[in-house]
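**Q** Start from the sequences, fold in the hints, and give me the full structure.
Protein chains in written order, with my numbering: chain A, 1 to 400; chain B, 1 to 480.
Derived from the structure by calculation, the hints contain no laboratory data. Check before you lean on any hint, since a few could be wrong.
[As the list claims (entries may be wrong)] Cross-link-like lysine-lysine pairs, in silico, BS3-like; alpha carbons within 30 Å at most:
hint, chain 1, residue 1, chain 2, residue 2
1, A, K87, B, K34
2, B, K39, A, K10
3, A, K87, B, K9
4, A, K298, A, K284
5, B, K380, B, K435
6, A, K87, B, K5
7, A, K231, A, K158
8, B, K413, A, K10
9, A, K2, B, K272
10, A, K323, B, K123
11, A, K348, B, K9
12, B, K263, A, K13
13, B, K263, B, K398
14, B, K272, A, K13
15, A, K2, B, K34
16, A, K2, B, K263
On a predicted model such as this, the values are computed, not experimentally measured, just so you know.
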Amino acid sequence: MKDYTEMELKDFKESVTLCLLCAACFYRGPIIPHNWRELPPHEWSSPLRKCPSFEYYRFRSYTAPGRLTLATLVFQDDFPITDDLIKIIYTCTGCGMCNEICPTYLPLYAIQAMREEVVGSGNALPKPLPEIVGNIEQFHNIFRRNIRARVLEGLPAKGEDVYFSGCYASYRVPNVAKATVEVLKTAGINIAHLGDEERCCGFVPRYAGNRSLLKELAVHNVEAMKKAGAKRVILSCAHGYSIWKNDYPKIVGDLPFKVIHIAELFAKLIDEDKIKFAKDIKQKITYHDPCFLGRHLKVYDEPRKVLRSIPGTEIMEMERYGKWAYCCGAGAKITLNCYPNFAGAIAKERLFEAREVADTVVTSCPVCFDHMKNIAKKEKIELQIYDLPLLVAEAMDIQL
Amino acid sequence: MEIVKTLEKIVGPDSVSTSDTICQTYSYSSQLGKAWVTKPDIVVMAETTEQVSRILQVANRHKVPVTPRGACGVGGHGGPLQGGILLDLTAMEKIIKIDVENMKSIAESGCSFFKLSQELFKKGLLLPTAEYGPGPSVVASATTPVNAFGKTRYGRNIDLVEGFEVVLPTGEISRVGSMAYADSDMAAYYRYITGPDLVGLFTQANGAFGVITKIAYRCLRLPKLWAFHSYYWPLGKIDNVTKVLMESTAIEMFDVHINDRWKYAGLEHAGKVPPLPEDCYFIIYFTVNAENDLELKGKEQTIEDICRKHGGAYLPDIAESFFAVWPTFFSPVTNPIFSELMNVSRETTGGNYLSIFDGPTYPLTWFPKVYTKLMEIGKKYGIWGFPRLTVFDGFAMKSQVMASQTWTFVDLKDQHWMDLLERYRNEFREWYGKKGGVFQSSLPPFVPNYVWTNQPSAHALLKRFKGLLDPNNILSPGTF
Chain A
1 MKDYTEMELK DFKESVTLCL LCAACFYRGP IIPHNWRELP PHEWSSPLRK CPSFEYYRFR
61 SYTAPGRLTL ATLVFQDDFP ITDDLIKIIY TCTGCGMCNE ICPTYLPLYA IQAMREEVVG
121 SGNALPKPLP EIVGNIEQFH NIFRRNIRAR VLEGLPAKGE DVYFSGCYAS YRVPNVAKAT
181 VEVLKTAGIN IAHLGDEERC CGFVPRYAGN RSLLKELAVH NVEAMKKAGA KRVILSCAHG
241 YSIWKNDYPK IVGDLPFKVI HIAELFAKLI DEDKIKFAKD IKQKITYHDP CFLGRHLKVY
301 DEPRKVLRSI PGTEIMEMER YGKWAYCCGA GAKITLNCYP NFAGAIAKER LFEAREVADT
361 VVTSCPVCFD HMKNIAKKEK IELQIYDLPL LVAEAMDIQL
Chain B
1 MEIVKTLEKI VGPDSVSTSD TICQTYSYSS QLGKAWVTKP DIVVMAETTE QVSRILQVAN
61 RHKVPVTPRG ACGVGGHGGP LQGGILLDLT AMEKIIKIDV ENMKSIAESG CSFFKLSQEL
121 FKKGLLLPTA EYGPGPSVVA SATTPVNAFG KTRYGRNIDL VEGFEVVLPT GEISRVGSMA
181 YADSDMAAYY RYITGPDLVG LFTQANGAFG VITKIAYRCL RLPKLWAFHS YYWPLGKIDN
241 VTKVLMESTA IEMFDVHIND RWKYAGLEHA GKVPPLPEDC YFIIYFTVNA ENDLELKGKE
301 QTIEDICRKH GGAYLPDIAE SFFAVWPTFF SPVTNPIFSE LMNVSRETTG GNYLSIFDGP
361 TYPLTWFPKV YTKLMEIGKK YGIWGFPRLT VFDGFAMKSQ VMASQTWTFV DLKDQHWMDL
421 LERYRNEFRE WYGKKGGVFQ SSLPPFVPNY VWTNQPSAHA LLKRFKGLLD PNNILSPGTF
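**A** Okay, structure coming up:
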């Protein structure tokens, strides 16, 4: 199955088909039990619990095959788009586990295409998506805010290394922006920021099915980066990184600059001896792979390398890690906003999984970080939660 | 609706749905495609045997059909034949017991076969009849025949089942076979108890005689060493191929499997596999295992002797690639080779996978006649050879029988080809049925309204049982 983002939606609609309904993508069993001789290596040791929306809602409708079936019916048989159907389609977290398991049908693309169909057919999106889209159109960020993190205000508007902070680090968890900037500055990087020229990356519109808004934002942000003289765009947000890396080139063509995630850059700077740690972090740490950095972009090793480089740390893996990491529930920021109980339940499961092996969980995305922190507080789960720049800054003894 | 409220009281409101959209997704199997659908009216998710019992009692009071279903829908038809209640058993998925010493296991009906298989493997045990993917449950594997690997020595899953806990259509909970005394001091240890074997009544029954809620399997000890080999023959040597199948099955190798070259035609076309030798038409794959090198070498030598005696030529690597290379073919959709094959199919036919015949079972001696007939009718309707990629997949089993499937790639939306396929099916069935052949998958009907007529006395008895056990004909109605 081809990526529908590389073909016309109408062509995709004609070619989409029922899958084998084998249930490999969601059901509670290993996708490969053994090969008669041995158990699978990690790459093929899929976890029992895979699909967050199946685990929460339990009906097969909330699985990739269920959604693929509905997509086929809607696209080819005029099956009605009802409120139930919209809920089923928008409760997919976009975590990408189904695509990881099934390169044959790549069900996530059908789900994405269905969201575009929902938008295109003029149906009401789940609340508060219309409001978020309105915020982006009016305020250029998802939070309807005017004042961004103070640290960003002091940065030059032009430069070769430009930090694209995104909505979360700019407005919701400014300490992540501050930590990112201070670490990079300490490492000798002259970091710039687009200031008011930075607009929402378009992640929410993309995963809500609003491709035209995504396109508009992509064109603006890429042009702004060009004007700023960027040779390297640096992101701390996994969601934003996936949009810049996976989607923008499909919209505007090859980008004239490099795009890098902070975890990759930190790993590089450690190799170059430009990041120097000043104190031990004596914690048992586990790493939560953000879906959009891990499965969507295959960045697994670099953040672990950074964590291992910090003196004093003991790195533990959760049962589900790397390509099999479970979603934190933020769910492409769609489930987090539209279905908070579901998003909370998934985060709770993930946090308990982390607590099984560690006293600290680190992630590489301010969205996942913020969501997990909020749920840990709400559920009184005793676990320290960091976004990677925050821990690196602490280990470098940078006062935030 | 009163029945919905009652069901909600039994399982909780979050486990019942009458949503059209939700019900719709329970209506399909890949085998029948989306062209044929019977939508349930209510989906109910049970978590305990007692809940299943109460649900069936309610259904009986209201005379509403009930169809149990697990997670997947690859072979057979997982959806209902009539509307009513779809009983989703995916939440009943616990492994209840693994008894390593006595080599037994008990699991709930919705437990993934792979999940059980992996846990057994970790403990040095084996259930050889591995399924395709984690979706098929431990019970689906017994209520439908299942084609997979490891059948040659041990038969199908059904041959390894020792007991069931089953909820009868009236709601009564029964335990048959070894499950009849599973709670006793000796625990479940043998299928055959005092009196006739009742386990058989519920196997291959598609849930028509009762909803199975627990299953007991006998397991095998995991052998230490494994080897995989394949040999090939030209089409003109089909009789030699048959002799090899018969001789190797008679000595009960772990697995003997056969394909024709069409399995690789799409990949050859796409340049994804090296071309097969020109005279390679049938490929037989052998899987053997042993406790030590000497035993393994002896078995490998036996394979070679049988194949050479009957003119076979060695085909390296292919057999090994089924299982020894990660990701194995246990989960086809995950395997890049399968994905490539599907891509070729999409490009050449706009097609998707479709099983034409799943589970025809016949004596091994009949392999040449059955194969030749499949080919003859296939050619007549233009669905043999490239680009249709119609593939024969045969599983030689103990008792000297072959269970085969024939699958093709066809655009399910292309009515022209769907009609031709239907004619192909019907013509083959007519010939096959008259010869006494039986289908063991997708028990009647393979497609809606199909009546299988060549085993009349057995069907008559089954219908009487059905009438006695299920007076309101609520459970999987249409199956018998």
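**Q** Hint compliance check: list the failing hint numbers for this structure, sorted ascending.
**A** No numbers; nothing is violated.
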